[in-house]
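2 protein chains.
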Amino acid sequence: MELLDRFFSGDIRALSRLITQVENRREGFRKLLGDLSKKTGRAIKIGVTGPPGAGKSTLVYCLTSLLSGAGTKVGIVAVDPSSPFTGGALLGDRVRMGELPSDGRVYFRSMASRGATGGLSSATDNVSMVLDAFGFDIILIETVGVGQVELDIVDACDTVVVVVVPESGDAVQTMKAGLMEVADIMVVNKADRQGAESLAVELKHALHLRTSTQDAWETKVVTTQANQSIGIEKLHQRIREHLEFIKANDHFDRHRRLQVQKKILAILSHRFRREFIDRLAEQVDFDQIVDDVYRGRSDPYLVADELYQTYARSHPS
Amino acid sequence: MELLDRFFSGDIRALSRLITQVENRREGFRKLLGDLSKKTGRAIKIGVTGPPGAGKSTLVYCLTSLLSGAGTKVGIVAVDPSSPFTGGALLGDRVRMGELPSDGRVYFRSMASRGATGGLSSATDNVSMVLDAFGFDIILIETVGVGQVELDIVDACDTVVVVVVPESGDAVQTMKAGLMEVADIMVVNKADRQGAESLAVELKHALHLRTSTQDAWETKVVTTQANQSIGIEKLHQRIREHLEFIKANDHFDRHRRLQVQKKILAILSHRFRREFIDRLAEQVDFDQIVDDVYRGRSDPYLVADELYQTYARSHPS
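Respectively, the protein sequence lines represent chains A and B. Residue numbering for the first sequence follows the working numbering, beginning at 1 and increasing consecutively. Residue numbering for the second sequence follows the working numbering, beginning at 1 and increasing consecutively.
Since the hints were derived computationally from the structure, they do not count as laboratory data. A couple of the hints might just be wrong.
Pairs involving identical chains hold if they fit within one copy or between any two copies, as the list cannot separate such chains.
Stated by the list, open to error - Calculated cross-link-like contacts (lysine to aspartate or glutamate; reagent style EDC-like; alpha-carbon spacing at most 20 Å):
(1) Lys262 to Glu306
(2) Lys204 to Asp103
(3) Lys220 to Glu241
(4) Lys234 to Asp278
(5) Lys262 to Asp137
(6) Lys204 to Asp278
(7) Lys73 to Glu218
(8) Lys220 to Asp11
Just chain A, same shape as in the assembly (with noise of 0.2 Å):
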């Protein structure tokens, strides 16, 4: 049977060869995007995000828990490379980790965070396409809220879920740090240490004083004990009532159609710069080029325009 034949029958085995394909950008991968990318759409993606230690991966499990357990096809993209699902954690969080069910409700992958072709941001959105035409309901995806690549990543989530704990900081380090402005749930985990009720309430007053427009969703605070399970439940209750209250307006629609926008535009500027690389190389000396630049005889700008043109004037019409 063909790969795509048993992708779409619901095998494991061929989705994580699809997965590789294309997060390695293998040959044909765009003409497979392109097939797959009919099937896309259904699923929910919800990012979580914050800083290292914050207890991340650890939430992301008990949600999975939650989620599968009411039979909810869940798909875990996990790009934290210190995240247990990448391996990079204690040995007691990966046994934990295997405790979800292997029956295919529950699939995760990480992501190679360095040096991914085309960049990271697309190879993540790739990968998640993959799932959401596997059939898998909700896609959770785990970034370290601190690059902006990664505050990136989660905002093309339709929730974004921000996990802080009272060790990372106050609300105003929160709030420069981009974190904020990326939320739609704001977690404090690690509820039961020092400084955390009165985190939830500075990031609660910080918040509501953001909020601008009447038909702006206003970012919510929940509370939980990941290590213990608590909270988990208030938590699902409060994305799901963020998914409702988007899905009301127009804000999920207008989000949605802001990403493929996105996407359409990342593709062209990688295959310009293809193009591009091809074509000078055949036409100009670019080492002779950079060498001039790097002896200050010529500037960078002005290098650009020149080769631009030069692009401009050889191109078929």
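Place chain B on chain A using the hints.
Relative to chain A, chain B alone:
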């Protein structure tokens, strides 16, 4: 007097204004950077990265203090939203930072880490260029070493210092996070804490196993207690050794040429994207195309291909 004249005469306020122009990509910033770029290439760029809470800013402060005390002019660029240089830390930290010389030997600037037009990496590089042209001897670039873009930023420096603490996990996690890969020098900070010594031993072992070729620099491990100014001279010594090493063979040269090449390609990518969007806006109904993809009537790869052909055909030749 013209702004640029004031800049070249060493006026700090002119420096700040030019940086703002460049960071915000104001009208004419390309021409400006082009003009400045011929005056660049003299400054040494040192990247300091590591997980949040590792004490990067304190270390940068100590290094700056040591260097400026010896007459070296130091420019600091903080890409870390939680850095005290960006105002993200405790009051005590900020006051202490104020003790650095204010006579123009030291200058610091924080980068807005979210939503930098044209990319954070490019913005940071442009700001470094301005500092280089102004005449700073050393540029210290502080980033949070968790995100891909942030690691790329320090990777573009001549010397990369990675700061870890016992709390940031073991050597395996450091490796997985991509931190070891970019490090020329690894600092185990907060060396008085439990686990610091064993982490240093572990790192040395892992690094020793890694070094493959004979002419490659073997990453050094330094232990420090930055808040007590302990170990800073040793670190400085190691940085000098690394710079001597890369200058004695062709690593320095090769790495800088590679950075020039990357910069030219980044400028071009940005330009293509801009011109492409302008051109398409006149020719196609982009909203309709997005809608087709959104509704599953087409796929993003197919659409990107068609748009590329439209662009190619319309291009003046």
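Hint by hint, here is what the structure shows:
no. : hint             : in the structure
1   : Lys262 to Glu306 : between (28 Å within a copy, 16 Å between copies)
2   : Lys204 to Asp103 : neither (40 Å within a copy, 43 Å between copies)
3   : Lys220 to Glu241 : within (10 Å within a copy, 52 Å between copies)
4   : Lys234 to Asp278 : neither (54 Å within a copy, 47 Å between copies)
5   : Lys262 to Asp137 : neither (23 Å within a copy, 40 Å between copies)
6   : Lys204 to Asp278 : neither (53 Å within a copy, 42 Å between copies)
7   : Lys73 to Glu218  : neither (28 Å within a copy, 47 Å between copies)
8   : Lys220 to Asp11  : neither (38 Å within a copy, 48 Å between copies)
Of the hints listed earlier, those the structure fails to meet are numbers 2, 4, 5, 6, 7, 8, in rising order.
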